[in-house]
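> So the protein sequences, as listed, match chains E and F. Residue numbering for the first sequence follows my numbering, beginning at 1 and increasing consecutively. Residue numbering for the second sequence follows my numbering, beginning at 320 and increasing consecutively.
The hints are simulated quantities; they were obtained by calculation from the structure and are not laboratory data. Among the clues, some could well be false.
As the list claims (entries may be wrong) - Covered, in the sense of this in silico footprint (three residues per stretch, anywhere, with C-beta under 8 Å from a C-beta of chain F), are these stretches of chain E:
(1) 54-66
(2) 104-114
Stated by the list, open to error - Pairs of lysine-lysine residues, derived as DSS-like cross-links and limited to a Cα-Cα distance of at most 27 Å, are as follows:
(3) E/LYS113 <-> E/LYS133
(4) E/LYS113 <-> F/LYS322
(5) E/LYS21 <-> E/LYS216
(6) E/LYS133 <-> E/LYS21
(7) E/LYS136 <-> F/LYS322
(8) E/LYS95 <-> E/LYS133
(9) E/LYS95 <-> F/LYS322
(10) E/LYS143 <-> E/LYS95
(11) E/LYS216 <-> E/LYS14
Bear in mind the structure is a predicted one, so any value in this text is a computation, not a measurement. We put the beta carbon where it would ideally sit given N, CA and C, even for glycine.
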Amino acid sequence: MSNATPDVTLLASKLTRSFGKQTVIHDVSLQLKRGEVLGLLGHNGAGKSTTMQMLTGCLAPDSGTIAICGINLLRQPALAKAHIGYLPETPPLYKDMTVSDYLCFAARLHGLKATAVAAALDLALQRCGLNDKRNKLIGTLSKGYQQRVGIAQAIIHQPSVIILDEPTVGLDPTQIREIRTLIRELGNQHSVILSTHLLSEVESICDRVEIMQNGKLIYGDTSARMQRYGQVSGFAVSLRNPPALSVLQGITGVTRVEQMTTHEFRVLHTQEHNPSAELLTLAAQHEWHLEQLTPLQTRLEDVYVSITDAETRHAEVSK
Amino acid sequence: MIKLLALRELRALFSAPSTWFMLAALQFIFAWFFLARLDAYLELQPQLAQMANAPGATASIAAPVFNVIALLLMMLIPMFTMRAIAEERRNQTLPLLLASPLSSTQIVLGKFCGLMLFLMVLMVSTPLMIYSLQLGTPLDHGLLWSNVLGLLLLSACYCALGLYMSSLTNQPIIAAISALAVLVGLWLADVSSKADSPWHLFSPLFHFQNFNFGLLDSADAVYFLSFSSVFLLLAIRRLNNNRVYG
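Just chain E, with the same shape it has in the complex:
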């Protein structure tokens, strides 16, 4: 794509959608820049797929606007949709076609000129590792390969925005790793939104995270910063010959010591002052027999749970 295309590829503001009386999406706003991978995270039924359907024009929002590369999706759908590549939850594959025929059809469908199709097909096949399957019927491929054909279909026309709904569901671990590498690669040139409930996926490929719960976006930040959310500074230490608790508490910088077992302690300290060096010297001097000292690390899972739990409590309180 040319440099003239704007940096913000997708701008959705205040999307609302209800089915019957039930409002499933409340006031969702998203922004996506070129070269960014956004992870949409949430429980089952949080509204991830519905949001994605709205972003691709498969479902009309009740209110709100969506702009793809500056083009209003609701007013000029044909123009805007040419910039979108979409992989729904179930890959939309015609099982009676061969891989290359299907991908050519998808490319033409998204407005690629007949002369440009061959080159685009080769690139997409190569990127998704489908070169040796090009003449196979899609129906005969395994689930993993079908998923790859689905991804190839979404990227063949080099769209600015790629929207992938749970792209790694049902794949084996090697395939998952390959697809993640591919998505990371795609994210360098295009903008990618992917929905998932796998936190490791977010950790490994997403630049930014939005957490969705009950149709609302409850948290949005870079994935690196999300990992630091609510992080405590401290370490776990195990001593074979431990001193009294008050001795440990007396070390400068230590705010709290919890005894886990007779030999294991959790030491929390202030962020400015890390007492581990002092603890090591003291342990050597007084023969506490230090066996292990590991910094406490918050895993993304814990962060996610604490964010969603906080939101649930908040919702209950306001009721």
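Put chain F on the given structure of chain E with help from the hints.
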């Protein structure tokens, strides 16, 4: 874009073995009926020769053959149209079309054109068979082509109705049965009512009769065109509602 979708629809039809089987069986039936009519005509020929202003070969062979084909198509077209949208929905391939830069109108017209192309392939043998008679007898080209035109318009109606029924459901069989029910209902209303009853006017087959006699009536053409466009518009509307109601 419409062409692209039409060709894809045609491919989908031809990739199913059942389509080839149906095509073969229908060619056989058409040919069988044509030969039966030809036989009957040859038997009657001595008597016809004595009549003043006797019906020619086209009127006594082509017209009945076309009439039978019209009736057969009423039952067969729902089988071909049933998968058009219902199967896309069932296999969850509809999002590919909905998320592509195609409008609902283009999707429906693409499918409609694809089906019409297929039906033309299905029917092309009939005028060819009849043209083979030209080896022995002069033909009434006007009558022949009014029949062909009538049959095309008639199948456009059936197709549009079948497509609409297919857009309502995600079960192809239900689409086929409901399209068939409507068509048979209209046909029964036509054949079972009295000569001056207004019910005749609703039936596509009734309007085909004029074409069958070689009578080009603009009222019939208007009926066919409006019947098809109403159901195509309904199908487009249904597909639009897909975006609105999910």
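> Each hint should be assessed against the structure and marked as holding or not.
Do the hints match the structure? See the list:
no., hint, in the structure
1, 54-66, "holds (count 5)"
2, 104-114, "holds (count 6)"
3, E/LYS113 <-> E/LYS133, "24 Å, holds"
4, E/LYS113 <-> F/LYS322, "14 Å, holds"
5, E/LYS21 <-> E/LYS216, "17 Å, holds"
6, E/LYS133 <-> E/LYS21, "47 Å, violated"
7, E/LYS136 <-> F/LYS322, "25 Å, holds"
8, E/LYS95 <-> E/LYS133, "14 Å, holds"
9, E/LYS95 <-> F/LYS322, "21 Å, holds"
10, E/LYS143 <-> E/LYS95, "12 Å, holds"
11, E/LYS216 <-> E/LYS14, "10 Å, holds"
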